[in-house]
Structure formats: structure tokens, C-alpha cells
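In the UniProt record's numbering, the protein residues as written are 1 to 437.
One should not assume that every hint holds.
Said to hold, decoys possible - Under the rule of at most 25 Å between Cα atoms (straight-line distance), these lysine-lysine pairs were calculated in the DSS-like manner:
1. Lys276 <-> Lys312
2. Lys378 <-> Lys434
3. Lys331 <-> Lys381
4. Lys391 <-> Lys434
5. Lys3 <-> Lys112
6. Lys381 <-> Lys434
7. Lys93 <-> Lys105
8. Lys391 <-> Lys224
9. Lys277 <-> Lys391
10. Lys3 <-> Lys277
11. Lys301 <-> Lys331
Claimed, not checked - Computed spacing ranges between beta-carbons, pair by pair:
12. Asn436 <-> Gln355: 19 to 25 Å
13. Tyr131 <-> Ala389: 49 to 55 Å
14. Glu348 <-> Ala396: 19 to 25 Å
15. Ser189 <-> Arg220: 15 to 21 Å
16. Gln311 <-> Gln274: 18 to 24 Å
17. Glu403 <-> Glu273: 32 to 38 Å
18. Pro124 <-> Ala98: 27 to 33 Å
19. Gln355 <-> Lys381: 19 to 25 Å
20. Ala98 <-> Ala389: 51 to 57 Å
21. Asn415 <-> Gly270: 24 to 30 Å
Just so you know, the hints here were simulated from the structure itself, not pulled from any lab data. Every residue, glycine too, gets a C-beta built ideally from N, C-alpha and C.
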Amino acid sequence: MQKPVLAIVGRPNVGKSTIFNRIVGDRVSIVEDMPGVTRDRIYSSAEWLNREFNIIDTGGIEIGDEPLLHLMRQQAEVAIDEADVILFLADGKEGVTAADEEVAKLLYRSKKPVVLGVNKIDNPERKDLIYDFYSLGMGEPYPVSGSHGIGLGDLLDAVFSHFPEQPEEEEDDETIRFCLIGRPNVGKSSLVNAILGKERVIVSDIAGTTRDAIDSEFTREGQKYTIIDTAGMRKRGKVYEHTEKYSVLRALKAIERADVVCVVLNAEEGIIEQDKKVAGFAHEAGKAVIIIVNKWDAIEKDDKTLREFEQKIRDHFLYLSYAPILFVSAKTKQRLHTLYPLINQVAENHSLRIQTNVLNDVIMDAVAMNPTPTDNGKRLKINYATQVAIKPPTIALFVNDPELLHFSYRRFLENKVRETFGFTGTPIRIVARKKNE
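Produce the entire structure from the sequences given, and follow the hints as far as they go.
Here it is as C-alpha cells:
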């Protein structure tokens, strides 16, 4: 289900990032300590009153050496395009400035719901400072203090009153949702067009729940698919073309809604840091992953080229060792027909359930082969294992002390599970829980 989006907007130094971090709390976390899995502070999930929502700090979007006003305008545009509700933040200490009035004008024209927060109201004596802000025409100003965490409850209640109702979404389990992500110019659009190709006839373009992302539904050999367009790259202006963080934001929204994520690399340019960052998000979200190397037709090859490129991918994407690699060309349609069987396979593995007795046999055999580790004379004892979730498959081990399950032993058990059940294309989560005596 698509989560509602809140964007924080305001001129520099009003405390946008502080409020962002306060709302997000400890949720900006990295699931695994693996190289290459990074999390950008610009975009995160948060929760209030048991409802999850996404939050964007537009202050993290910087567009070169732009004049201040121009920069603020572009950040506000991002918020207007992406958010369901905008949190307009001002500085109570400094009062209403000309820059605040400029931002207010932009937001007023957007017709989006706006909640006005006045930051740096650190004690009750300062509360009177908020009355000047009625002049911005944004309704009631909410006094908050980012540094002390004061007033956030009332502010978030106001934000939530504007969020769209939660629709009862009809989940069609028969349909496989997949998206293509990657940095600009790896050939995502041409791949989408090549994939849809002759299916265009039976494609119905459904405006997705994300603004302007077009989902294309089609059926191939009896299987229903939805391709989630990362979209938006054809939108106006510099901010969309040149801001790495903005393209990451788009990719994250697509990843959230997909079952299978195809990470697209450009064979001509090889692997760069941004590729790793985008792929890291897919892994962290626990999605099934396929690595697609596009523009393979443009490479001069001998009998070693493919193997060498594959090894390079494995070295750079250590945390995606489970992801199959496909070398294709959108231009010549080379090997594109093999993508569908691969999508079907990884989607099936992503939602695979293992019977508890079979899983326990595999885990106990693994322990017999390589006994559990000890720490200060205390040995890890695994009592039993059971699969507690799918998408991704998640296995709970009931143990005497969860602290004793070290990363290396967890990896060993994961490898044994993979040897037995395959699980190509999907991450596996193994969690330790204390057995109640």
C-alpha cells in the first residue's frame, strides 16, 4: 500500500533537518552492516498513531550554486509535486521574513494542504512570537521546538488531519509488480518500451498512486504483470535531471510498491558509486532483485568479457550475491525474452514458504556440520526454527541467547538454507529470538 507523503519546506536554517530527525526518530537505520548499503537522510519512513508515512526533507535537495530564492523555489516545487501534505517551517526567533513570504506565495498557489510550524519556540515565554505568522495566510501556526521535541504531537495531528483516507486496497496476488531502477541514462525508459513492445496493444495505462507515475498492466503467457514506471524524469527543469538525491527519491517510491526490483546498469559506463546506493535501497527494503546490464550490444567482447563483468558486479555488490544477472540490449532486444521467466522465478522465491519440520532438519544438519559458536564459554543453543514471514522470507531461530548469534554464523546458516531451497533473487532474513524457558 502506498504510504502518504509529508514534505518539509522552508528557507535555510529554520531547522528542517532537526524536525525531520525528530519525527523519524530511530527509524533511519541500516538493516545490515554490509558495505554499500547506505541510507540517505533526505527520505525516510515514520509512524504516528500506528499509521506509517513517508517524509521528505527538501533541505537535503541542493541544486549547485543557485541563488537562494531560486533554490527555495525548486525545493518547494519538489514538495508540491511529491507530497500529500506540506509542512511549512519558519523560525520563531527571527519572525516573518521576506523569504518566508516568497515560500508562502508558492505554496498558496499549489492548492496542496499546508501546515505551518514555527520552530525554536523553546519555552512558554516565546509562545507569543507565533502570532506574527498569521500574516502568511497559512492558518494557525503551530509552535514547536526541534531541539527539545516540544509541540510535535499537535503538529503531527494537524498533518494527519489532511492525509488522504486509507483506502481498502484490493491486493491482486496473481499480479507480479516490478520496477526498473537505476541512475539516469542507464536506459530505463528504452528498456520499459522494449519490454512492453508488442504487449502495448493490451496495455492499460493506469495512473499510479504516485503522482504522474504511470503503471502499465499487461498479461504475458497467462501471467499478469504491472510495471511500475519510476517516471518523473521527463518533468520540468534542472532539479529533476541533475539532482542525484531526487532520482533516489523517485526510485524509493517505486521500490516500495514493487515485488521485484530490476537494478539497471549501463554496460558502457561500468559500475559507479550511485549504482551501489540505488541497489542498496532495494536490498534494504527486502525486495526480490534482478541485476540487468543494459547496452550489452555496444561492448566489444571476447570469450572472457561476460565472465569478467559478472565478477566485477559480484565484487561491487557483495550484499546482492543472491541476485541473478542478465545481460541485455534494449536496442536490439537481445536476451530480453529471458527476463520474464526470471521475474517469475524470483517473485515465486520471494513468497516461498518452507514447512517447519523441513526447515528444522536443514538447520540441525547445518549445526551438526559446523557447531554453534561460543562466547566467553557460553555456547549458542538453537532450539528450533520456523519461517515467520514471506516477501522476504524471514526465519526466526529460537535460541538461549540472541546475542550469541554472530553475523558470520548467521551467514553460514543462510548459505545452508540457500543450498537446500534455492531462494535465487530474494534476500533472506534470519532473526534470533529468546526461547521462553
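- Query: In ascending order, which of the hints set out earlier in this document are inconsistent with the structure?
  - Reply: 3
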